[in-house]
Amino acid sequence: MAGAVQKARWALLDAVEMLARIVWPAPLRGALGWAFLAPALILVGILVIGLGQMLETSLHELNLATYRLGDAYTLANYATALERPVTWRVLARTLGGAGIVTLVTLLLAFPYAYLLVRTGSAWARKFLLVALFLPFFIGQVVRAYGWLIILGREGLLNSALKAVGLPAQDFLFAYPTVLFGLVQYMLPFAVLLIIPALSAIGEEVELASESLGARWPSTFRHVVLPMAAPGLIGASVVVFTLTLTDFAMPEILGGGTQDFFASAIYDSFFQISNAGLGAALSILLTLIGSVIVAAVFMMAGTGTLGFRGGRR
Amino acid sequence: MTFSRRTALKGGAALGATLAMPSILRAQDKPSELIVRAWGGAWGDALKSGVADPFTEKTGIPVRLDFTEDNEIKPKIWAAVDQGRVPPIHVNWDTTTNATISALRGVTVDLSDLPNLEGLLPSAKPVGLEGWPLVNTYAYVYVCAYRPEAFPDGAPESWTVMLDPKFKGRVALYDDGIGFNPIAVIAGGGTFEDIPDNMEPGYEFYRKLKANEPLLGEDPDFTSWFQNSEIDLACTISVNARAAKQSGIDVAWTVPKEGCKVDTDGLWVPKGLPANEEQAAKDFVNFALSEEAQKAWCGALGLPPVRPGIEPPADLVGDPSYPTRPEDFEKLVSVPSPVLVENQPIWFAKFNEIFQG
Numbered sequence: 001m002a003g004a005v006q007k008a009r010w011a012l013l014d015a016v017e018m019l020a021r022i023v024w025p026a027p028l029r030g031a032l033g034w035a036f037l038a039p040a041l042i043l044v045g046i047l048v049i050g051l052g053q054m055l056e057t058s059l060h061e062l063n064l065a066t067y068r069l070g071d072a073y074t075l076a077n078y079a080t081a082l083e084r085p086v087t088w089r090v091l092a093r094t095l096g097g098a099g100i101v102t103l104v105t106l107l108l109a110f111p112y113a114y115l116l117v118r119t120g121s122a123w124a125r126k127f128l129l130v131a132l133f134l135p136f137f138i139g140q141v142v143r144a145y146g147w148l149i150i151l152g153r154e155g156l157l158n159s160a161l162k163a164v165g166l167p168a169q170d171f172l173f174a175y176p177t178v179l180f181g182l183v184q185y186m187l188p189f190a191v192l193l194i195i196p197a198l199s200a201i202g203e204e205v206e207l208a209s210e211s212l213g214a215r216w217p218s219t220f221r222h223v224v225l226p227m228a229a230p231g232l233i234g235a236s237v238v239v240f241t242l243t244l245t246d247f248a249m250p251e252i253l254g255g256g257t258q259d260f261f262a263s264a265i266y267d268s269f270f271q272i273s274n275a276g277l278g279a280a281l282s283i284l285l286t287l288i289g290s291v292i293v294a295a296v297f298m299m300a301g302t303g304t305l306g307f308r309g310g311r312r
Numbered sequence: 001m002t003f004s005r006r007t008a009l010k011g012g013a014a015l016g017a018t019l020a021m022p023s024i025l026r027a028q029d030k031p032s033e034l035i036v037r038a039w040g041g042a043w044g045d046a047l048k049s050g051v052a053d054p055f056t057e058k059t060g061i062p063v064r065l066d067f068t069e070d071n072e073i074k075p076k077i078w079a080a081v082d083q084g085r086v087p088p089i090h091v092n093w094d095t096t097t098n099a100t101i102s103a104l105r106g107v108t109v110d111l112s113d114l115p116n117l118e119g120l121l122p123s124a125k126p127v128g129l130e131g132w133p134l135v136n137t138y139a140y141v142y143v144c145a146y147r148p149e150a151f152p153d154g155a156p157e158s159w160t161v162m163l164d165p166k167f168k169g170r171v172a173l174y175d176d177g178i179g180f181n182p183i184a185v186i187a188g189g190g191t192f193e194d195i196p197d198n199m200e201p202g203y204e205f206y207r208k209l210k211a212n213e214p215l216l217g218e219d220p221d222f223t224s225w226f227q228n229s230e231i232d233l234a235c236t237i238s239v240n241a242r243a244a245k246q247s248g249i250d251v252a253w254t255v256p257k258e259g260c261k262v263d264t265d266g267l268w269v270p271k272g273l274p275a276n277e278e279q280a281a282k283d284f285v286n287f288a289l290s291e292e293a294q295k296a297w298c299g300a301l302g303l304p305p306v307r308p309g310i311e312p313p314a315d316l317v318g319d320p321s322y323p324t325r326p327e328d329f330e331k332l333v334s335v336p337s338p339v340l341v342e343n344q345p346i347w348f349a350k351f352n353e354i355f356q357g
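Protein sequence lines correspond, in order, to chains A and B. When we follow this note's numbering, the leftmost residue of the first sequence carries the number 1, and every step to the right adds one. When we follow this note's numbering, the leftmost residue of the second sequence carries the number 1, and every step to the right adds one.
Hints are computed from structural coordinates only; laboratory data are not their basis. Certain hints may be false.
Claimed, not checked - The following residues of chain B were derived to be distant from chain A, with all beta-carbon distances above 10 Å:
| id | residue |
| --- | --- |
| 1 | 175 |
| 2 | 217 |
| 3 | 229 |
| 4 | 278 |
| 5 | 356 |
Claimed, not checked - Straight-line distance between alpha carbons at most 30 Å, and here's what the computed DSSO-like set of lysine-lysine pairs gives:
| id | chain 1 | residue 1 | chain 2 | residue 2 |
| --- | --- | --- | --- | --- |
| 6 | B | 271 | B | 257 |
| 7 | B | 245 | A | 162 |
| 8 | B | 168 | A | 162 |
| 9 | A | 162 | B | 166 |
| 10 | B | 331 | B | 350 |
| 11 | B | 48 | B | 125 |
Since the structure is predicted, the reported quantities are computational estimates derived from the model, not experimental observations. Here a beta-carbon is modelled for each residue, glycine too, at the ideal position from N, C-alpha and C.
Generate coordinates for the entire structure from the input sequences, incorporating the hints supplied.
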């Protein structure tokens with residue numbers, strides 16, 4: 001009986017192999033890798049087509065008499081965007097904010113991830129995991145409104161201050177508040193990206209370092225940090241680019257005066273109906289983000305992210 | 001040839017069916033629903049009770065209010081019309097400035113044949129456009145709303161109170177300067193004649209105001225800021241201040257000596273709808289202009305309608321935000337739509353440059 005089952009299994013496998021040969025004949029086997037890549041390439045292709053369309057739109061100027069983009073190709077939208085001081089101010093605020101948020105988020109995310117990976121307590125690990133994933137069930141807008149309730153003039157924080165006899169403070173609608181909201185939003189992303197890198201460092205490597213005489217700070221600096229670099233770089237790239245393009249937090253917590261670049265794009269498309277200018281601003285932001293990410297990869301090397309052939 | 005009872009019955013049934021046919025066809029012509037873009041809160045409630053529900057009662061066509069932002073629905077309608085798709089809504093309740101932009105783009109249906117256009121005030125007619133690509137439905141005033149507790153000596157007499165350091169961080173404006181740009185010119189020492197060629201006094205006023213760290217927001221923000229005591233003073237539409245007051249928030253409003261900007265909202269129907277849906281949409285607009293709907297809708301909003309002879313709500317009699325007499329209008333500043341359409345992007349850019357600095 002067992003032999004018959006075994007025979008049937010082999011027959012089934014032979015049939016599957018034969019089917020695979022018919023569907024995917026031998027000459028095509030070299031292209032198997034590309035077949036696996038095809039869905040991703042199609043998605044990236046659609047993105048590139050969209051970017052091309054955006055670039056094309058950015059080269060047409062709005063006609064205020066018809067509120068349609070003109071037919072002629074022109075760089076007028078780029079000139080308009082670049083000659084306005086407000087573009088540079090908002091860009092500087094966005095880039096500075098993205099830098100600060102990335103730095104602070106990494107500083108907070110690393111110990112969190114380290115504790116989550118190294119803790120021996122199952123209860124503590126569960127608690128840290130729940131606390132990490134819970135924010136994903138709450139959208140960014142809801143979280144921002146949550147901070148409005150907590151930080152408002154009559155909010156929880158001011159109530160606590162008043163309760164201990166201190167005067168109420170204006171926490172909301174300022175640049176630091178926007179950055180605070182962004183750090184809170186980005187923290188789970190960073191932790192999730194650092195965890196795999198830390199998990200890959202065996203605990204025995206740290207023990208070996210310490211048994212060779214290194215104190216924990218030295219072990220941390222010379223062993224843990226370099227080995228965790230892929231996670232740190234991945235997290236910094238993700239947090240930086242997400243912050244660079246964020247709209248909701250500056251919009252809700254900024255009180256209208258702390259706009260990031262995405263708000264300027266939104267305003268051009270929707271508030272003043274100038275799709276050409278909005279597209280030009282979008283292209284500029286894409287370019288700046290891409291150049292910064294490329295620079296990070298050039299400096300850190302893609303090898304640090306675990307890619308073969310990258311700089312070690 | 002003989003007729004049996006069965007044949008007679010068959011003939012009767014066929015005749016009955018034929019007679020009933022037009023009404024069946026009419027029923028099939030009726031759209032399953034009408035989608036009307038609206039603002040939320042007190043605005044949406046007023047449209048629902050004043051126009052949408054009575055329209056449904058009369059026609060049997062359900063009306064669904066779509067609360068997509070007016071600026072966000074605009075490109076969706078434009079794209080649908082340009083690409084030959086059916087637009088996402090049947091009727092757009094819009095600011096006259098935005099509606100004029102859509103009319104200039106050629107995406108609006110001409111409403112000239114609506115019977116209820118007859119007898120409306122001149123303000124109902126769009127300025128600088130051929131025919132009736134939109135119809136204005138009421139006027140509204142961007143009043144100076146304030147918390148009486150913060151003004152124990154009485155209502156602010158001038159918009160320049162916004163510059164008082166006492167109110168640092170406690171003053172609010174619309175985030176695109178809408179409703180305040182012409183007033184800023186006058187409050188900054190200019191005159192109405194300076195608009196639009198010399199806006200510098202207004203920009204100078206904004207530069208001074210920036211030092212007082214104003215908050216910039218939209219309709220719902222003002223209510224929430226007043227509710228949470230985040231602000232003491234705001235330039236907002238009287239509807240928002242009145243709705244806040246009606247919900248128990250301590251808010252009052254006034255027209256300071258420099259005046260307030262008065263504007264209009266309107267309704268329009270996008271091109272590209274199936275014929276029966278376009279007709280139903282026009283019927284909706286026509287109904288919104290009837291005395292019955294104008295009275296209920298504008299009464300709920302607390303705004304002066306374009307149909308003459310309708311009494312103001314009791315709480316707004318003599319209120320300068322509900323202009324009825326010539327002396328009321330003297331306090332208000334109205335900029336023609338073509339001027340707004342042409343200059344709003346320029347003013348917005350400058351506003352942004354000053355306040356995002």
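Status of each hint after checking the structure:
no., hint, in the structure
1, 175, "violated (4 Å)"
2, 217, "violated (6 Å)"
3, 229, "violated (6 Å)"
4, 278, "holds (22 Å)"
5, 356, "violated (5 Å)"
6, B:271 to B:257, "violated (43 Å)"
7, B:245 to A:162, "holds (27 Å)"
8, B:168 to A:162, "holds (21 Å)"
9, A:162 to B:166, "holds (21 Å)"
10, B:331 to B:350, "holds (26 Å)"
11, B:48 to B:125, "holds (24 Å)"
The structure does not agree with the numbered hints 1, 2, 3, 5, 6 stated previously, though it agrees with the rest.
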